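Engineer: Residue-level listing of the chains:
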Amino acid sequence: MTQPVLQARGLVKRYGRVTALDHCDFELMPGEILAVIGDNGAGKSTLIKALSGAIIPDAGEIKLDGKPVAFQSPNDARGYGIETVYQTLAMSPALSIADNMFMGREIRMDGIMGKLFRKLDKKAMEEFSRQKLAELGLMTIQNIHQPVETLSGGQRQGVAVARAAAFGSKVVILDEPTAALGVKESRRVLDLIQEVRSRGIPIILISHNMPHVFEVADRVHIHRLGKRLCVIDPKNHTMSDAVAYMTGAAVPEDALEPA
Amino acid sequence: MANTDSYEDVVKTRGEEKFAEFETTHKGLMGRFHDALHSTPALVPLIVLISALVVFGIVLGSKFFSPFALTLILQQVQIVGVLAAAQALIILTAGIDLSVGAVAVLCSVIMGQVTFRYGIPAPLAIPIGLACGTAIGAMNGWLVSKVKLPPFIVTLGMWQIVLAVNYLYSRNETLRSQEIEELAPALQFLGTKFTIGGAVITLGVVVMLGTVLILAYALRSTAWGRHVYAVGDDPEAAQLAGVDRHKTLMSVYMLVGFICGLAGWVMIGRFGSVSPSATTGVIGNIQAITAVVIGGISLFGGRGSILGAFFGALIVGVFELGLRMAGADPQWTYLLIGVLIIAAVTVDQWIRKVTA
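Chains A and B are the protein sequences, given in the same order. 1 is the number of the first residue of the first sequence in the UniProt record's numbering; add one for each residue after it. 1 is the number of the first residue of the second sequence in the UniProt record's numbering; add one for each residue after it.
One thing to keep in mind: the hints can contain errors.
To be verified - Taking lysine-lysine and the DSS-like style, the derived pairs with C-alpha atoms no more than 30 Å apart in a straight line are:
(1) A:K123 <-> B:K353
(2) A:K184 <-> A:K235
(3) A:K235 <-> A:K63
(4) B:K247 <-> A:K115
(5) A:K170 <-> A:K227
(6) A:K184 <-> B:K353
(7) A:K115 <-> A:K132
(8) A:K170 <-> A:K122
(9) B:K63 <-> B:K193
(10) A:K132 <-> A:K122
(11) B:K247 <-> A:K122
(12) A:K67 <-> A:K170
(13) A:K63 <-> A:K132
(14) B:K247 <-> B:K146
(15) A:K63 <-> A:K170
(16) B:K353 <-> A:K132
(17) A:K184 <-> A:K132
(18) A:K132 <-> A:K170
(19) A:K170 <-> B:K247
(20) A:K119 <-> B:K247
(21) A:K67 <-> A:K227
(22) A:K170 <-> A:K235
(23) A:K170 <-> A:K123
(24) A:K184 <-> A:K170
(25) A:K119 <-> A:K132
(26) A:K123 <-> B:K247
(27) B:K353 <-> A:K122
Bear in mind the hints are in silico, worked out from the structure with no lab data behind them. Since this is a predicted model, take the numbers as computed values, not measurements.
Using the sequences and the hints, build the whole thing.
Structural biologist: In structure tokens form, the structure reads like this:
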């Protein structure tokens, strides 16, 4: 059996008297798209935050490529090659596409200009941004200096996914990437997700949109009451099954995929 | 997906429509002008500045359009210019600093008193003054970033505190110009004048220009500058994208405190004396905010350039001198500046709209 890329065992997170994560397990296999679904308040955001370093779990362990890791901040997780596309996209609207791609990890010029005057190597960053956008089929971008606020919702999502894919060498986490988009734009973002997967990077997809989940996911992690209820194969189950499991209307039988 | 209505199939099959095309669609002259303003926000104040210079030049002739008069403007705006550069930094982070003028006065008082009361040599007193400015800036920054108080409140309080400390510490005594000249000429160093072909420049003006240019470079071409914009634009987004919001804010507030200290030193050069009741302490903040707003920096943060703030300060200087030379009632200056402020914000709102 192959080793999971990202694995969590017995994660616990309490907020006061509320237990958001109750000994939760999680596995992400190499090269797959794993969808995480669950009702509101089931704790899936908390799980994702723990995996992306945005919160520190009270107990449990996270392993990346089999080695235990303890993220103290999103930057930590990012350092390990785990990139997250937040629902809010985390972009500065007034800054350019290239500026946003490199926010927080700018490239400095070589030599004295970079060391002493801390001058940014804008050309290199623009070149890299353009190349990354091109790789994901967003090549029609002509003006990399364009402020992000002039882009449509789908285009912004595209840039955010490109940023994650460019730097996420291990895992890309997408939080509700299609929630704010129209039908056509969602379509394009789903293509983009598959494009990223085809380059060998496993993806965690959080979504409420069952058709989207069932279309792209290889496995579906159903979260309920702070823990993993089951993992199903979308080919063997219907969307109604999934909704029934996640809302508690039905209990999954032994149909569990090996977790 | 057996029994679901595959309503999205129609989109899937209907050919590849342009999705992320960034073609610049054909825009009219107005549209292109709007685009230019959107990407270079300092353009508006520059246009206003040049127009003001041209109009006064035509009306007043060579009396106004001489190297002497034009550099006189630079000398008159040097203090406000430095304060405006500081203010611009804070406003870029979506804050506001009401204490800049008071901090500048306190720093000048500290530089003077440390020299005369404790007998510390002036070249050492100046760094002490600058350090005090930086420390006050650090306090502002900490209250804004860690305690999460609104910058307006923090600096409103700090303004009063600093003004009071300034009077208490100096015992409301003024150090006379001759005394300083005799015993501690280093304090007046920035008042040193030199002429280039009729143009009179002081070192204070050089400091102002240097401050503006260095900040312009740092904001445009370093990671720190990009972070300042990002934090001002959307702090949560910047944080998630990996920017240390606290560090960025602290660095901005401390740098602003330092620049205010610098303004204090420029003040000694300009006035010769050190007075705790210098008007800069009371109106310096408003003058700086005025320059920044006329300079097209958005009070909502994240937009504008430091050069704009500098042009804003110059515009005010040009109006003051030009109207005085034309023999107009000084109230006209204030009236026109009032109009400019409102006009500048109107233009800013228009520029912020993505499509014209």
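Engineer: Compare the structure with each hint and give your call.
Structural biologist: Checked hints:
1. Of the pairs offered as hints, the one joining K123 (chain A) and K353 (chain B) holds, with about 28 Å between alpha carbons and a cut-off of 30 Å not exceeded.
2. With a C-alpha separation of about 24 Å, the suggested pairing of K184 (chain A) with K235 (chain A) holds against the 30 Å cut-off.
3. At roughly 28 Å between alpha-carbon atoms, K235 (chain A) and K63 (chain A) fall within 30 Å of each other, so this suggested pair holds.
4. For a cut-off of 30 Å, the pair hint linking K247 (chain B) to K115 (chain A) stands: about 20 Å separates their Cα positions.
5. Annotation: proposed proximity of K170 (chain A) to K227 (chain A) holds, straight-line Cα distance about 24 Å (limit 30 Å).
6. At most 30 Å may separate the alpha-carbon atoms for a hinted pair to count; K184 (chain A) and K353 (chain B) meet this at roughly 25 Å.
7. Only pairs whose Cα atoms come within 30 Å are accepted, and K115 (chain A) paired with K132 (chain A) is accepted, the gap being roughly 26 Å.
8. Annotation: proposed proximity of K170 (chain A) to K122 (chain A) holds, straight-line Cα distance about 26 Å (limit 30 Å).
9. For the proposed pair K63 (chain B) and K193 (chain B), the alpha carbon gap of about 21 Å is at most 30 Å, so the pair holds.
10. For the suggested pair K132 (chain A) and K122 (chain A), the alpha carbons sit about 15 Å apart, so the restraint of at most 30 Å is met.
11. Distance check on the hinted pair: K247 (chain B) and K122 (chain A) sit about 23 Å apart at the alpha-carbon level, within 30 Å; holds.
12. Using a Cα cut-off of 30 Å, the hinted pair K67 (chain A) and K170 (chain A) holds, with the two alpha carbons roughly 13 Å apart.
13. Note on K63 (chain A) and K132 (chain A): the hinted pairing holds, with a Cα-Cα distance of about 28 Å set against a maximum of 30 Å.
14. Restraint check: the Cα-Cα separation between K247 (chain B) and K146 (chain B) comes to about 10 Å, which is no more than 30 Å; the hinted pair holds.
15. A C-alpha spacing of about 12 Å is found between K63 (chain A) and K170 (chain A), which places the hinted pair at or below 30 Å, so the restraint holds.
16. Of the supplied pair hints, the one linking K353 (chain B) and K132 (chain A) holds, its CA atoms being roughly 29 Å apart against a limit of 30 Å.
17. For the hint linking K184 (chain A) to K132 (chain A), the alpha-carbon distance of about 22 Å falls within 30 Å, and the restraint holds.
18. For a cut-off of 30 Å, the pair hint linking K132 (chain A) to K170 (chain A) stands: about 16 Å separates their Cα positions.
19. Among the hinted pairs, K170 (chain A) with K247 (chain B) is consistent with the structure: their alpha-carbon atoms are about 28 Å apart, no more than 30 Å.
20. The hinted pair formed by K119 (chain A) and K247 (chain B) meets the criterion: a straight-line CA distance of about 19 Å does not exceed 30 Å.
21. Only pairs whose Cα atoms come within 30 Å are accepted, and K67 (chain A) paired with K227 (chain A) is accepted, the gap being roughly 22 Å.
22. Taking the CA atoms of K170 (chain A) and K235 (chain A), the gap is near 26 Å; set against the 30 Å cutoff, the hint holds.
23. Between K170 (chain A) and K123 (chain A), the direct Cα distance comes to roughly 27 Å. Compliance with the 30 Å bound is thereby established for this hinted pair.
24. Taking the CA atoms of K184 (chain A) and K170 (chain A), the gap is near 29 Å; set against the 30 Å cutoff, the hint holds.
25. Distance check on the hinted pair: K119 (chain A) and K132 (chain A) sit about 23 Å apart at the alpha-carbon level, within 30 Å; holds.
26. With a C-alpha separation of about 27 Å, the suggested pairing of K123 (chain A) with K247 (chain B) holds against the 30 Å cut-off.
27. With a C-alpha separation of about 26 Å, the suggested pair K353 (chain B) and K122 (chain A) falls inside the 30 Å cut-off, and the hint holds.
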